[in-house]
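Fit chain U to the given chain L structure using the hints.
Residues per chain are reported as follows:
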Amino acid sequence: MPAVSKGDGMRGLAVFISDIRNCKSKEAEIKRINKELANIRSKFKGDKALDGYSKKKYVCKLLFIFLLGHDIDFGHMEAVNLLSSNRYTEKQIGYLFISVLVNSNSELIRLINNAIKNDLASRNPTFMGLALHCIANVGSREMAEAFAGEIPKILVAGDTMDSVKQSAALCLLRLYRTSPDLVPMGDWTSRVVHLLNDQHLGVVTAATSLITTLAQKNPEEFKTSVSLAVSRLSRIVTSASTDLQDYTYYFVPAPWLSVKLLRLLQCYPPPDPAVRGRLTECLETILNKAQEPPKSKKVQHSNAKNAVLFEAISLIIHHDSEPNLLVRACNQLGQFLQHRETNLRYLALESMCTLASSEFSHEAVKTHIETVINALKTERDVSVRQRAVDLLYAMCDRSNAQQIVAEMLSYLETADYSIREEIVLKVAILAEKYAVDYTWYVDTILNLIRIAGDYVSEEVWYRVIQIVINRDDVQGYAAKTVFEALQAPACHENLVKVGGYILGEFGNLIAGDPRSSPLIQFNLLHSKFHLCSVPTRALLLSTYIKFVNLFPEVKTTIQDVLRSDSQLKNADVELQQRAVEYLRLSTVASTDILATVLEEMPPFPERESSILAKLKKKKGPSTVTDLEEAKRERSADVNGGPEPAPASAVSTPSPSADLLGLGAAPPAPAGPPPSSGGLLVDVFSDSPSAVAPLAPGSEDNFARFVCKNNGVLFENQLLQIGLKSEFRQNLGRMFIFYGNKTSTQFLNFTPTLICSDDLQTNLSLQTKPVDPTVDGGAQVQQVVNIECVSDFTEAPVLNIQFRYGGTFQNVSVKLPITLNKFFQPTEMASQDFFQRWKQLSSPQQEVQNIFKAKHPMDTEITKAKIIGFGSALLEDVDPNPANFVGAGIIHTKTTQIGCLLRLEPNLQAQMYRLTLRTSKETVSQRLCELLSEQF
Amino acid sequence: MQFMLLFSRQGKLRLQKWYVPLSDKEKKKITRELVQTVLARKPKMCSFLEWRDLKIVYKRYASLYFCCAIEDQDNELITLEIIHRYVELLDKYFGSVCELDIIFNFEKAYFILDEFLLGGEVQETSKKNVLKAIEQADLLQEAEHNWSVLNLE
Numbered sequence: 001m002p003a004v005s006k007g008d009g010m011r012g013l014a015v016f017i018s019d020i021r022n023c024k025s026k027e028a029e030i031k032r033i034n035k036e037l038a039n040i041r042s043k044f045k046g047d048k049a050l051d052g053y054s055k056k057k058y059v060c061k062l063l064f065i066f067l068l069g070h071d072i073d074f075g076h077m078e079a080v081n082l083l084s085s086n087r088y089t090e091k092q093i094g095y096l097f098i099s100v101l102v103n104s105n106s107e108l109i110r111l112i113n114n115a116i117k118n119d120l121a122s123r124n125p126t127f128m129g130l131a132l133h134c135i136a137n138v139g140s141r142e143m144a145e146a147f148a149g150e151i152p153k154i155l156v157a158g159d160t161m162d163s164v165k166q167s168a169a170l171c172l173l174r175l176y177r178t179s180p181d182l183v184p185m186g187d188w189t190s191r192v193v194h195l196l197n198d199q200h201l202g203v204v205t206a207a208t209s210l211i212t213t214l215a216q217k218n219p220e221e222f223k224t225s226v227s228l229a230v231s232r233l234s235r236i237v238t239s240a241s242t243d244l245q246d247y248t249y250y251f252v253p254a255p256w257l258s259v260k261l262l263r264l265l266q267c268y269p270p271p272d273p274a275v276r277g278r279l280t281e282c283l284e285t286i287l288n289k290a291q292e293p294p295k296s297k298k299v300q301h302s303n304a305k306n307a308v309l310f311e312a313i314s315l316i317i318h319h320d321s322e323p324n325l326l327v328r329a330c331n332q333l334g335q336f337l338q339h340r341e342t343n344l345r346y347l348a349l350e351s352m353c354t355l356a357s358s359e360f361s362h363e364a365v366k367t368h369i370e371t372v373i374n375a376l377k378t379e380r381d382v383s384v385r386q387r388a389v390d391l392l393y394a395m396c397d398r399s400n401a402q403q404i405v406a407e408m409l410s411y412l413e414t415a416d417y418s419i420r421e422e423i424v425l426k427v428a429i430l431a432e433k434y435a436v437d438y439t440w441y442v443d444t445i446l447n448l449i450r451i452a453g454d455y456v457s458e459e460v461w462y463r464v465i466q467i468v469i470n471r472d473d474v475q476g477y478a479a480k481t482v483f484e485a486l487q488a489p490a491c492h493e494n495l496v497k498v499g500g501y502i503l504g505e506f507g508n509l510i511a512g513d514p515r516s517s518p519l520i521q522f523n524l525l526h527s528k529f530h531l532c533s534v535p536t537r538a539l540l541l542s543t544y545i546k547f548v549n550l551f552p553e554v555k556t557t558i559q560d561v562l563r564s565d566s567q568l569k570n571a572d573v574e575l576q577q578r579a580v581e582y583l584r585l586s587t588v589a590s591t592d593i594l595a596t597v598l599e600e601m602p603p604f605p606e607r608e609s610s611i612l613a614k615l616k617k618k619k620g621p622s623t624v625t626d627l628e629e630a631k632r633e634r635s636a637d638v639n640g641g642p643e644p645a646p647a648s649a650v651s652t653p654s655p656s657a658d659l660l661g662l663g664a665a666p667p668a669p670a671g672p673p674p675s676s677g678g679l680l681v682d683v684f685s686d687s688p689s690a691v692a693p694l695a696p697g698s699e700d701n702f703a704r705f706v707c708k709n710n711g712v713l714f715e716n717q718l719l720q721i722g723l724k725s726e727f728r729q730n731l732g733r734m735f736i737f738y739g740n741k742t743s744t745q746f747l748n749f750t751p752t753l754i755c756s757d758d759l760q761t762n763l764s765l766q767t768k769p770v771d772p773t774v775d776g777g778a779q780v781q782q783v784v785n786i787e788c789v790s791d792f793t794e795a796p797v798l799n800i801q802f803r804y805g806g807t808f809q810n811v812s813v814k815l816p817i818t819l820n821k822f823f824q825p826t827e828m829a830s831q832d833f834f835q836r837w838k839q840l841s842s843p844q845q846e847v848q849n850i851f852k853a854k855h856p857m858d859t860e861i862t863k864a865k866i867i868g869f870g871s872a873l874l875e876d877v878d879p880n881p882a883n884f885v886g887a888g889i890i891h892t893k894t895t896q897i898g899c900l901l902r903l904e905p906n907l908q909a910q911m912y913r914l915t916l917r918t919s920k921e922t923v924s925q926r927l928c929e930l931l932s933e934q935f
Numbered sequence: 001m002q003f004m005l006l007f008s009r010q011g012k013l014r015l016q017k018w019y020v021p022l023s024d025k026e027k028k029k030i031t032r033e034l035v036q037t038v039l040a041r042k043p044k045m046c047s048f049l050e051w052r053d054l055k056i057v058y059k060r061y062a063s064l065y066f067c068c069a070i071e072d073q074d075n076e077l078i079t080l081e082i083i084h085r086y087v088e089l090l091d092k093y094f095g096s097v098c099e100l101d102i103i104f105n106f107e108k109a110y111f112i113l114d115e116f117l118l119g120g121e122v123q124e125t126s127k128k129n130v131l132k133a134i135e136q137a138d139l140l141q142e143a144e145h146n147w148s149v150l151n152l153e
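From first to last, the protein sequence lines are chains L and U.
Letter 664 of the first sequence, counting from 1, is numbered 664 in the UniProt record's numbering, and no numbers are missing.
Letter 13 of the second sequence, counting from 1, is numbered 13 in the UniProt record's numbering, and no numbers are missing.
Chain L extracted, bound-state conformation:
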């Protein structure tokens, strides 16, 4: 390299940088910078026109100041002037300043775009390169508008230089990422695909990145890239290490390109048999090479080689179709688990996590359990230990659950604070999922509270209570165990909560033993009372009133406690109210009433905590009588979770006690509809009379029902149509109420449901004809039984024909039976969500929509809509708390489809980005359409 330049082109800049470096304090530095800023400002404002060199120097100084972390609010115009200089270095500095400091000053953007346009048209490859770099660096929407049409032409033109092609490809990629709608697909796409055959490996590398990004969203358009990519890859992996000259990196032929090609292939399912054979050969070659002795001792050699290997393994896992390759991949990763390089151990643990969920390799992954447990105990880096926890969780099944849970529990004693809560959740989920013997489950959870009580979230201890209440075989054991655990002089408050709740329900099961007589139980709990927080005390008060019912012999003792000033006059209004009400209840109520009010809690509705288990589990077809339970279940979710709030411990009339399960609105009676429809009318009121094929506003009304089930579907001066519907799994029932708003009879009243042939095969509707006469002011009801056979897109049309006062009336509306109605919400932990999310990453599974907000962007309303849509709303899953994520399962007769969704609001832009990932493309597509209309 010649010793030219290297900045000595600008002496003033070097002097300034030295000055800054010599500053002894922050204050001195700021002083020096302010002095320089004043100097530059005066130069820029001065009468003397600056020459290009000075302008360049000052702009460069400004840039340096900005990069030190100071704000720069001038100089943009001078930088823009530099863009149109004929001198390369001036132009270059101008572009650098714009790339680093651009803001959306629209006037400036127009000037910048103008300069770029000139450079692109200059046919000088160096200038074209600078202009393309600038577009790629800024990537703003304005630039996309100006250049997205032009760049594809440059990219595929026959006479474009290779280096310009490379820049153009990546420039287009950047624009496509920011503004996909502005990049038009067209003839150029097939020519871009053929760049995979280009002689210049740099061009192939850049083009592969572009094609991968485009193929993710337009798989059909780019599917010819698959065979080209495979043959290119094949040529690379079989080449000798010197064939590719400068594209060989530490004896590895074209590692970057190989990784990119393998990544591109992950956008597609396994290719046709002919191509597939060749691809399998490539993958086998890559796996074989891993076994060969290294060609160099340098870490760069092993990194590059293994980068290709890991990408190949990702592709094998993605295809999930070649058992032989999967098992080989697993063995290879197994070797890495014991490698001396920490990086490789980390990646092997991570990659094995996804292998564990393939049925072909699950067993092979399990054979490494001892190594993984050892990693948990001996790895010195917390991020590696975290991967080990993830892998243990992923490889857990019924055969090894006891061992894995035990190891995780013992690790928890010394685990880093940052990952304790996650481990607690994982242990709790595994203990529940694989419990054969529920005494083991109870022991495990109590151990969790003992070891890491502070990290045991409410969900965990709510869950143990639900399980104990639902399984009478474990209740006695649970009561005995918590009683013993509470003997410890210092026990965690969460244990007091669990103990209080369980003894309140099942203390009688151990009261026969004189060592745990009612009075001893009470004294034990009450000894903890004063050390506890208000919610726990409230829960304990409920336990006491339950004791009054269970054990009449301690009634007076408990009444004395309730009567004491510290309770009756407690400063906390909730505690005071409970004390007053419970005391009164225990005094006035007869034994029978007490027994009824304080009855044992009814079983909780069953629910799963993991979507994976739920997907595998086929539920039997449900009956329509389950509808009410489904509704209650769904409403309970609306209220923030299925778990009992401590306040709901007993069925007392306390106004603040939200009774479990009943806290939700009572199930809607399937009976008489509101006679005037008055309750429903106020939902909306626009509706001119209509006799058209589809009534005006029908689409709007339709959209309103996507996230709710009841309301007025249609109204004109004559007729009002109201709806009430309920759905459970793949079945539903809809009540349609036709209200005659006039005082005259409707005659020949005939509602008909119309489904296209396509829809008919996927959605089965059954109903009975209604009475053809509807009296003035009367309302008739029609019941439609619905079965979702397979996923569907269209909606049925409800056509109503009748005669009114001699005129024929004909109304059609779309009936809001939409795919999302067959959602069952699924709660899951962050880890599960992301694991599942990763598994659904092929382009066919994901559908994304970016759209403008149509309604004010209100968090609570958005939450309610997502819940109304039918998925569970998962809190604390997305690292960005402003985002919403949801999960659920669409039930159809033939299959169940797991669905994950993520909604990212952008308040500034008043936009949303909605992403749906499901195992079925049409489902992702339809759900995305439906939900996009809601915000």
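Calculated directly from the structure, the hints in this document are not laboratory data.
Simulated crosslink set (DSBU-like; lysine-lysine; CA at most 35 Å straight-line): (1) L:K863 / U:K29; (2) L:K45 / U:K27; (3) L:K480 / L:K569; (4) U:K42 / L:K366; (5) L:K920 / L:K854; (6) U:K17 / L:K43; (7) U:K59 / U:K128; (8) L:K298 / U:K59.
Chain U only, in chain L's frame:
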């Protein structure tokens, strides 16, 4: 790749390159957080960590840390070698590069990076080709420089 940061052991930022649109405030926040996180790690630890929903790949060369943020499906090891190749390019250009070279010739460091990575993707992996592009620019600069000096007389 979403962004690349170069910072010193004292936590001073030497180069920043962002491939996703973020506000200045957000950039500063991310930088502060990451510099702190990475500097707190011990030498033998692994070069990857999870951070927000991104993967961080970092490596230390003498007094400088090179730190890249990549997305979930991106390849960690090849990113590590992206860093290494960039260091090689700087080294070859400056002739055993040190932190001072990057401070005093920050604009060159940016130009080299732009030839190597564009829009967060590798543009040209051949060391020869990247350096050829930079050399050409230097020759242009040389020519212009002489010319402008002559012109002043």
